[in-house]
Amino acid sequence: MALSKALVQPFRRNQLAIGAGWRGYFAPFNVPFWVGQTNSAVGPTILDLQNQGPFNTNNMPAGWFDLGWINGFKLTPGSKIGQIKSGYRGATRTQVRGEIGEEFEFKLREFTRLAFKIATGTEVFNLLKTNQASTVGPLSMSGITAVAVGASGYQATGGTATDSRVAGQPTIFLPAGSGSLFTAGNMVVMDIDYDKATTGFVGSNGIPVFVNNAPQDVDFIRKTSDFVANIALVVSGPIAGIAGNQDALVLSQIFAGGGSSSSVNPGPVVPPAGSKVQQMVGWTAREGGTFIMDWSALFVCDTIDGDQLAVYYPHCSIMQFKDIANLAIPNIGTTDETQYELDASFTALAFDDPLDGETIVGYKVWYPSSQSGRSF
Amino acid sequence: MSWSDAIDSYFKYVKGRIVASNPNRLVPGIIEANAWPPQEVQNEAFYLLLLGENSSGNFGTVSSTGLVHLTQWTWVVIGNDLPSQASNQVGRNRGNRYRNNAKLKQELLNGLFPNFCDKNTYVPQQQGNNLISVPTPVGEKIWWSRPRFLPVKAEGESGVLYGAAQVFVSEFSDLISS
Numbered sequence: 001m002a003l004s005k006a007l008v009q010p011f012r013r014n015q016l017a018i019g020a021g022w023r024g025y026f027a028p029f030n031v032p033f034w035v036g037q038t039n040s041a042v043g044p045t046i047l048d049l050q051n052q053g054p055f056n057t058n059n060m061p062a063g064w065f066d067l068g069w070i071n072g073f074k075l076t077p078g079s080k081i082g083q084i085k086s087g088y089r090g091a092t093r094t095q096v097r098g099e100i101g102e103e104f105e106f107k108l109r110e111f112t113r114l115a116f117k118i119a120t121g122t123e124v125f126n127l128l129k130t131n132q133a134s135t136v137g138p139l140s141m142s143g144i145t146a147v148a149v150g151a152s153g154y155q156a157t158g159g160t161a162t163d164s165r166v167a168g169q170p171t172i173f174l175p176a177g178s179g180s181l182f183t184a185g186n187m188v189v190m191d192i193d194y195d196k197a198t199t200g201f202v203g204s205n206g207i208p209v210f211v212n213n214a215p216q217d218v219d220f221i222r223k224t225s226d227f228v229a230n231i232a233l234v235v236s237g238p239i240a241g242i243a244g245n246q247d248a249l250v251l252s253q254i255f256a257g258g259g260s261s262s263s264v265n266p267g268p269v270v271p272p273a274g275s276k277v278q279q280m281v282g283w284t285a286r287e288g289g290t291f292i293m294d295w296s297a298l299f300v301c302d303t304i305d306g307d308q309l310a311v312y313y314p315h316c317s318i319m320q321f322k323d324i325a326n327l328a329i330p331n332i333g334t335t336d337e338t339q340y341e342l343d344a345s346f347t348a349l350a351f352d353d354p355l356d357g358e359t360i361v362g363y364k365v366w367y368p369s370s371q372s373g374r375s376f
Numbered sequence: 001m002s003w004s005d006a007i008d009s010y011f012k013y014v015k016g017r018i019v020a021s022n023p024n025r026l027v028p029g030i031i032e033a034n035a036w037p038p039q040e041v042q043n044e045a046f047y048l049l050l051l052g053e054n055s056s057g058n059f060g061t062v063s064s065t066g067l068v069h070l071t072q073w074t075w076v077v078i079g080n081d082l083p084s085q086a087s088n089q090v091g092r093n094r095g096n097r098y099r100n101n102a103k104l105k106q107e108l109l110n111g112l113f114p115n116f117c118d119k120n121t122y123v124p125q126q127q128g129n130n131l132i133s134v135p136t137p138v139g140e141k142i143w144w145s146r147p148r149f150l151p152v153k154a155e156g157e158s159g160v161l162y163g164a165a166q167v168f169v170s171e172f173s174d175l176i177s178s
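Here the protein sequences come in this chain order: H and S. Under my numbering, the residue at position 8 of the first sequence is numbered 8, and the numbers go up by one with no gaps. Under my numbering, the residue at position 116 of the second sequence is numbered 116, and the numbers go up by one with no gaps.
Only chain H is shown next, with the shape it has when bound in the complex:
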């Protein structure tokens, strides 16, 4: 008789999951659309797990932003199962699900504005270029004059331009002559003026403004906008293929962000009509305040056998921004240089699955490879 399987533990080698870790993707959660709704299924950036997966990490569905190299992705289940005991012996007769929840954490090794915003969990304020210092507050001064965009506005792929310097490139078109106000390498933000009066959620980022506390800063929406990029090239008009005489700011990347609106879901992911361009020098996240940023999140782990594991949270938000942590660079102890990573943990929030109305907080997904001979 063959030796017992329990003794020698034969296993199927192509049933093992061997990968190189997880990669994170975040998408806007439309808070203005979600508030006041009776159903928590509205607001997330919905991923169709049937139609859009397995996910092509080189070409993600629209609206999903790559967080880059992350490390230490870890799930901490928070769901509880209660026991109902009865009888003389107090035996457990049945179990019931109690509260539902899950937390997750990871470290962002690539420093980007989006990573900074996600890790800190606050509204990030763009630091506009100003002409003088304020003695009132660190963010109080309005920026230098914002420049109105041209008739062609922002074009993610250069619009109708046939000029090889512009065609296919993310570009802001400006009235002729305005391009000279900028130089390549400038960092810019493009968004609309704030009317100093509107309260509630303002801008494409859904930044909350309290009643009776409207910031008296025309640049407030640009200060909180995600529509930021570096200028790669300034092109003077006229530009072949573009109507009229317009200058062009060719950007280093497309705008990534926005997505919030009280009237449509998802909200706008490009700057609205009437936007203006302003130079900026950086951004800041305040420790404290009142508001918490919300997101939809997806984590993907591909295995060498071609399987894909994914974790999808329709709605999540920051639990704790832990640290800008040190990560020692292996260099045989000869250097004081160190690497830094953004360390944060998050909570998965409720989502009423429209399929059956069940309240859940996330999906664990597994797309087996058709090539791996996967057993079921």
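Everything labelled a hint here was simulated from the structure, so no lab data went into it. Incorrect hints may appear among the rest.
[Stated by the list, open to error] Facing chain H, according to a computed beta carbon distance under 10 Å, are these residues of chain S, among others:
hint : residue
1    : Ser63
2    : Pro114
3    : Val138
4    : Glu140
5    : Lys141
6    : Glu171
7    : Ser177
[Said to hold, decoys possible] Here are some chain S residues the structure puts well away from chain H; computed CB gaps all over 10 Å:
hint : residue
8    : Pro23
9    : Leu51
10   : Arg92
11   : Asn120
12   : Pro124
Virtual Cβ for every residue (Gly too), placed ideally from N, Cα, C.
Chain H is already provided as a structure; the job is to place chain S on it using the hints.
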């Protein structure tokens, strides 16, 4: 399937990528470390030396042991002589050894990407007067570590550089069913 499948697969995969990036690069073959150097060593060619195997910890079970092969890519760099007619050429004979060595390292690093491949078993087949090996996938993968480039040795008399990089290759052994 056989013991040598993992190393054969690894060698052919890495060689394929090296040659794809530089069709002139020689990648002669696999040899046991004790047999190094062969009688004739090709200049600036990659040899794959086998230094042994290890199986440890909870890597697999007794039915299918996890094996870690210690391999070492090895090469020598003589450097190039300046052409005799190039009397106006700036430089020294064989002064390009450092750059040639760096190119070899880059090609090896690229060849090892992405540190895993299919495990194949190889069956010899006669094709005309040639014997070729036909790969057959066994339905699993092997994977390997990043290279550890060893300090380059320069032979004192000749000035020949000896380059080496160690790579650990991991696999599960064939299933022992009875």
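| Violated constraints from the hint list, given by number and in increasing order | none
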